Every structure is written in C-alpha cells, then in structure tokens.
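S.K.: Chains A and B supply the protein sequences, listed in that same order.
Using our numbering, the first residue of the first sequence is number 22, and each one after it goes up by one.
Using our numbering, the first residue of the second sequence is number 40, and each one after it goes up by one.
Rather than coming from a laboratory, the hints here were simulated on the basis of the structure.
Computed from a predicted structure; not experimentally measured.
Any given hint could turn out to be false.
Footprint (simulated), chain A over chain B, 3 or more residues, beta carbon under 8 Å [stated by the list, open to error]:
1) 43-49
2) 381-390
Only part of the chain B face toward chain A is listed, based on derived beta-carbon distances under 8 Å [what the hints assert, rightly or not]:
3) Val60
4) Ala70
5) Leu146
6) Met147
7) Thr161
8) Ile163
9) Leu178
10) Pro181
Beta carbons are placed, not taken as given, at the ideal position from N, Cα and C, and that holds for glycine.
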Amino acid sequence: MSGQTSALRRLSAPFTPPKREPRAPWPPAEWAKRNLFGSVLNTALTLITLAALALTVPPLVRWAVTNATITGVTRAACGPDGACWTFIRVHLPLFLVGRYPADERWRLGAAALVVIACAIPLFRRHTRHAGLSVILLLTAAPVLAGVLLAGGVPGLPAVDTSLWGGLLLDVVISYVVVAGSLPLGVLLALGRRSQLPVVRTLSVGFIELWRGVPLLTVLFMSAVMVPLFMPGGVSVDRLVRAMVALVLFNAAYMAEVVRGGLQGVQSGQDEAAFSLGLHWAQVQTFVVLPQALRIVVPGIINTVVDLFKDVTLVTIIGLTDLLGAVDQALKDPAWLGFATEGYVFSALMFFVCCFAMSAYGRSVERRMGARH
Amino acid sequence: MIQRPSPRARAAQWLLLLAVVAVAWYLGANAADNLAARNMGSGFGFLGDTANFDIPFKLIPWSDEDTYGRALLVCTLNTLLVSVLSIAVATVLGLIVGIMRLSPNWLMRNIALAFIELIRNTPILVQIIFWYVAVLQTLPPPRQSIVLPAGALLNIRGVYLPTIDTGPHGGALALLVVLLLAATPLLWRLPLRGRRIGAWALAAPLAALVALAAGIEHVEIPVMRGFNIAGGVQVPPELAALWAGLSVYGAAFIAEIVRAAIVSVPKGQREAALSLGLRPGQVLRKVVLPQALRVMVPPLTSQYLNIIKSSSLGAAVAYPELFQIFAGTVMNQSGREIETIVILMAIFLTISLLTSAFMNWYNRRVALVER
Numbered sequence: 022m023s024g025q026t027s028a029l030r031r032l033s034a035p036f037t038p039p040k041r042e043p044r045a046p047w048p049p050a051e052w053a054k055r056n057l058f059g060s061v062l063n064t065a066l067t068l069i070t071l072a073a074l075a076l077t078v079p080p081l082v083r084w085a086v087t088n089a090t091i092t093g094v095t096r097a098a099c100g101p102d103g104a105c106w107t108f109i110r111v112h113l114p115l116f117l118v119g120r121y122p123a124d125e126r127w128r129l130g131a132a133a134l135v136v137i138a139c140a141i142p143l144f145r146r147h148t149r150h151a152g153l154s155v156i157l158l159l160t161a162a163p164v165l166a167g168v169l170l171a172g173g174v175p176g177l178p179a180v181d182t183s184l185w186g187g188l189l190l191d192v193v194i195s196y197v198v199v200a201g202s203l204p205l206g207v208l209l210a211l212g213r214r215s216q217l218p219v220v221r222t223l224s225v226g227f228i229e230l231w232r233g234v235p236l237l238t239v240l241f242m243s244a245v246m247v248p249l250f251m252p253g254g255v256s257v258d259r260l261v262r263a264m265v266a267l268v269l270f271n272a273a274y275m276a277e278v279v280r281g282g283l284q285g286v287q288s289g290q291d292e293a294a295f296s297l298g299l300h301w302a303q304v305q306t307f308v309v310l311p312q313a314l315r316i317v318v319p320g321i322i323n324t325v326v327d328l329f330k331d332v333t334l335v336t337i338i339g340l341t342d343l344l345g346a347v348d349q350a351l352k353d354p355a356w357l358g359f360a361t362e363g364y365v366f367s368a369l370m371f372f373v374c375c376f377a378m379s380a381y382g383r384s385v386e387r388r389m390g391a392r393h
Numbered sequence: 040m041i042q043r044p045s046p047r048a049r050a051a052q053w054l055l056l057l058a059v060v061a062v063a064w065y066l067g068a069n070a071a072d073n074l075a076a077r078n079m080g081s082g083f084g085f086l087g088d089t090a091n092f093d094i095p096f097k098l099i100p101w102s103d104e105d106t107y108g109r110a111l112l113v114c115t116l117n118t119l120l121v122s123v124l125s126i127a128v129a130t131v132l133g134l135i136v137g138i139m140r141l142s143p144n145w146l147m148r149n150i151a152l153a154f155i156e157l158i159r160n161t162p163i164l165v166q167i168i169f170w171y172v173a174v175l176q177t178l179p180p181p182r183q184s185i186v187l188p189a190g191a192l193l194n195i196r197g198v199y200l201p202t203i204d205t206g207p208h209g210g211a212l213a214l215l216v217v218l219l220l221a222a223t224p225l226l227w228r229l230p231l232r233g234r235r236i237g238a239w240a241l242a243a244p245l246a247a248l249v250a251l252a253a254g255i256e257h258v259e260i261p262v263m264r265g266f267n268i269a270g271g272v273q274v275p276p277e278l279a280a281l282w283a284g285l286s287v288y289g290a291a292f293i294a295e296i297v298r299a300a301i302v303s304v305p306k307g308q309r310e311a312a313l314s315l316g317l318r319p320g321q322v323l324r325k326v327v328l329p330q331a332l333r334v335m336v337p338p339l340t341s342q343y344l345n346i347i348k349s350s351s352l353g354a355a356v357a358y359p360e361l362f363q364i365f366a367g368t369v370m371n372q373s374g375r376e377i378e379t380i381v382i383l384m385a386i387f388l389t390i391s392l393l394t395s396a397f398m399n400w401y402n403r404r405v406a407l408v409e410r
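All chains, full assembly: derive it from the sequences and hints.
M.R.: See the structure below:
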C-alpha cells in the first residue's frame, strides 16, 4: 500500500531536471585509495613495503625460475646462479616413496584409493554417513591399507618397512598415529572428567607427563629404552616403536582438545540422559560424545596438522621421512651443495599438505558456524 | 552432576590401578633382567664421574675433567639461554606481525598473512635446518664479514656482537641495573599521597641507563686480526640457527594469538576511546592492548612452553643443549640409557611446570576481577 502511494507521489511531483551526478571514481583507484594510500602513514608504509618487495622478489624469481634448471640428469646441467631443480627431479622417487620397490608402487595407489573411498562422505555437504565414514577410516581402512603396503600375504610380496620412506612415511605415520591417538585421547579426556579419583589422577598424570616433555625425548625413549623393557628375545620394528611413542604423545594433546569439547556440552544434556535411565557408557556414547566431538573437529584437524609437522622429527632417530630423504640425497657425492633446493622443496611439500588440511579445517569451522 | 558413580565403578577403578602397577612392574622386571644380562651398572652415581668431552659453547667455565653433573648444569644453562632469547624475540616479532595483520594497509596485512601461513604450515625442524645449512653456512668467510649496525659482524662462523667492558665494578653495576629495572613496575604502582607514582617511575630505568653509560670503560668492537676475529662475543651459527628458527616459528603462532585477542576486544571500546578524543596510537596502547592482554595470556603460555620444548631440536644442528649432550654424548659414553632419559624428562618437566606456574600467577594478576 505504502509503496503504491509513494509511487503516486513521485509521479505527481513537478518535474525537475536531474542534477549531473559526480563521475563515479574508477573502482581500482577507489580501492587503492582506501587500502593503500588512506593516510600519510599508510602511504609511507605502502612505499616502504613496495621498496622492500622490489629489492627481494626479483632476485628470488631470477634464482627460482629464470636462471633455474630442471632438465638433464647430472649436476653438469645446472648453471651457477640459478636453482638446480634437476637435483629434485632426479631424486623425486626417493623423496616421495623412499626405496619402495618400483614394481610394487601400484600398491601405494591402491592403498590411497581405499582410504579415499572411505572418506568420500566427509567431503559431501549433506551426508548421513559421516559417522560410519570416520569409523571405517579409523578401523578397516588402516588395516587394509597396511596389508597392501606391507604385503606378506599370498599375491603380495612383503616389503620391509625399512624400505618405506619419503613423504609416504610421513603420511603413513601420521595416519596410524591419528587412528590410534584419537580413541585413546577420547578415553583420557573422559577419564580426566571422571568422578572416580583413581581414574582421574591417572589420566591427569598421563596427560601432563607427555605434554610436559619434548617429543624428541619421547621418540628417543622409543628408540633406546623400549628394547630394554621388552622381555628377552622380543624385538619390535623400529617404525612401529616410533609410531607407538607418537600415539602416546599425541593422545595427550588430543585429550585436551576433546576435553574442550566435553566442556562445551551443556550439563543439562547428560542430566537428561541419566534421568532417562541410561547408564554412564550409554550417556557418553550416544549423548555427550557425538555433540562434543562435533564441536572440536577444527581443533582435531589443527592437532593433526601439528602432528604431521612433528613427524619430521623421526629423521633424528634414523627413519628416512621426506626430510631424512633430502638429507640422504644431499650426502650423495655426485650432488653436493644443493641444500637450499632440497630444503625449499621439502618445505614446499609440507606447506602444501598442511595448508590443505588447515584450509579444510577452516571450511568445516565456517560450515559449523553457519549452522549454529 | 547428579549421577554418582556406582559402588561397582568405584571398586573397578582400583582394578585399573592394579593393572597399571602390574604392567609397570612387568616392564621394570624386564628392564632389570636385560640390564643384568648386559652387565651394566645403573643408578645416578655416574653424575659424579669425569666427563672427558668438550662442550663447544658454554656460559660457565667447563673443562673435560669436570663431572657429568657439571655438564648437566652447563647444558641446562644453554637450553635456558636459547629458550629465553627465542621467547623474547618471538614475542616482539609476533606482536609486530599480529598488529600488521590488522593494519588498514592492504599490502602489510597480506604480507603478514603470507608470513604466518608459510611459517605455520612448515615443520620447525625443516626451518631450523634451513637456517643452519641454507642461510648461515652460505655466509662469507670471516675476511669478508658483513658489517651490521653497532659494529656487529656476520660471517660463516656466526654473529660477533660487541661487548662492553665495565672494569672492576662490573658485578656491582650489573646488580644495580637489574635492581633498578626490576623496581620500575613496583614503583609504578606505589601510592604516594593518595596518587600513584605512574610515569615518574620511568626515572628508574633512566637512572639505570645513566649508571650504565657512566660505568662503561670502553666498548669492544669485534675486528678481524690475522686469521681470527678478536674482541666481542661470538654467537656460534648453531645457536644463531636455533634462535632464528624458534623465534620465527614462535612469532607466527604468537601473531595469530595477538590478532585473535585484539579482535576479541569489543568494537565499542575502540569507538568510545576514539570519541573521547584519544589518538589511534593511544587507543591501541591504553584501551585495546590492555584488554587484549588478558585474552592472550593462556594461549601465550602454551606457546612459550612449546618454544622451550622445541629447543631440544638443537640436537639437529649440534647446539650443545640438554638433549644434544645428554641423549647423545653422555648416553653413548656412560651407557646409562634409562637414567639419561629420566634426567632429561625430569628437567624439561620441571622447566615446563615452573613456566606455567609463573604464567598462571601472571594470568591471575591481569585477569578481570569479576564482581
């Protein structure tokens, strides 16, 4: 109604010629004025930053792109004043999968397919199978992928874990450690909130002990002390020992993340569940944990990113992950002196993996924020 | 909670304790058997034995006739040194990057963002080794040292900083300066005729500066003499790499903490302060940062603890800190594997607990008193 009257009034108003509008500023200029040259200080900062960029970026580009070499098979192909990406190209299999036999590498792809197939529901916007997917990823997928990688069953010749290396090793260790430390972390978080004094004290002690010491001491313990604690004659694979140490260490961090989620569940929820006659385990499994874990998905992803970066420390106890493989290649007498290329490459690989995971975590967080 | 644990659950927890004790006892028995089979001694008595190895970098005197116990002290000091240096630089750098991240200037904002993302998503070990191998080892030899401001030199052997010579009264002067600096925050809050001394307390650090200037007999600037650099104090490349790695990595995380804390201060606070006529710099210093500080303290604590624990990565560049010397040299020489690991864990746990106790105390002091 009111729209109609105002339209009528506009029609009946006396005609006035429209004033000439001031010319709209060119959008990029407007943007630059607002974001780069808003004030004197702002302009000065912009100019200083531009100068700094002009000093650093061109030499960097010259080194990494213009003067760089990627062709050839020996160091002779490389020029003196550019990056020698040939070093990376020649050693790429070593950096990616270590000394995993070339004839068996199809098994890596197969294992990756198994994991991806289990994870598909997680990437769909509306899914009812997220829970099932997570359970598969934590149980069946690692077992199946592990059998594919290690072999030793009819049809698949065994590949010793000492041959695994490079980025493959980082991924395998991280995956196993997440699958192991998430359930343990949930138990510890529940234990820390338990009303049973013994359970609570043990959980707090366990969590604070691992969180108070550097990962390196824990890894060293696994490498040096675990053999001492085993009964005579029993020896455990070095990779497995490192994984166990990482699971224990990481579970303490997972527990703290999950505890945050448990605190975020309103106390009315478990009170209501108890009053319905459910017992403790049922309340936790069907009421509290589903809500708590959903809140902490971004936190868990952050922990996984930290873990993935921390796995590089296994080089110090002698496993050849990506960083270890780069170190190994740098000691090759035919390829001395390409440390910068090697470390830049490994940093980039880690950056791509971790950035992708962080970005996924942020998107989950945004989606959750939109829902609430 | 309304639900009390059932008597059955209460009984079961003792079974859990029993199981934990049983496993520990089993492992301990295995270890005893294995040690007996290897015919090796045990116990912490070896700390009194002569060490017979060199520690290339130390803050207190060390000779290879000293005991393992003194080596422990030397290495603990080295660990503390790199931790304190890194925490200081990481905090300042993190604060700068965090504020840059919120700058109205698009270029600065995004450079800060790129820095944070790049550093946070790369392993710290890669960064430390990168600093060591790809940056510090490609520096020029001592003859072509890069001269930094204030006469410091930068070359393949590390950084040479100028030192100050305070003559015979050096100890007393240092004590005076430390006391004056420590007294400043106390003086600031001291009431005087119903008012706080406030900014007048800045006279104390000023006095410290004057005392220092008066007490210095001469400044020793490092110079090239023959084949060596004479004068000044050398920061070896191992320490420099670890210091740079820990500082830059820590700074990226601290920057995010600072940013989140500043964003958490309600917009109304800033607007109210601006409408009172405060300048933007004053608003940041007097209104926003004090409130952001409260939010910052708990995450900052865990970041500091991370830096302290990551200092053990000195092992990767052979900086003689606790881990490098004890899990390396001492463990190999003495064969006391369990003891050295226990010592390492105990010391790191103690440092961590002390740091978090201090930060908790500080947190209680700055926390908002809720009425």
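S.K.: Okay, which hints does this one fail, numbers in order?
M.R.: 3, 9 and 10
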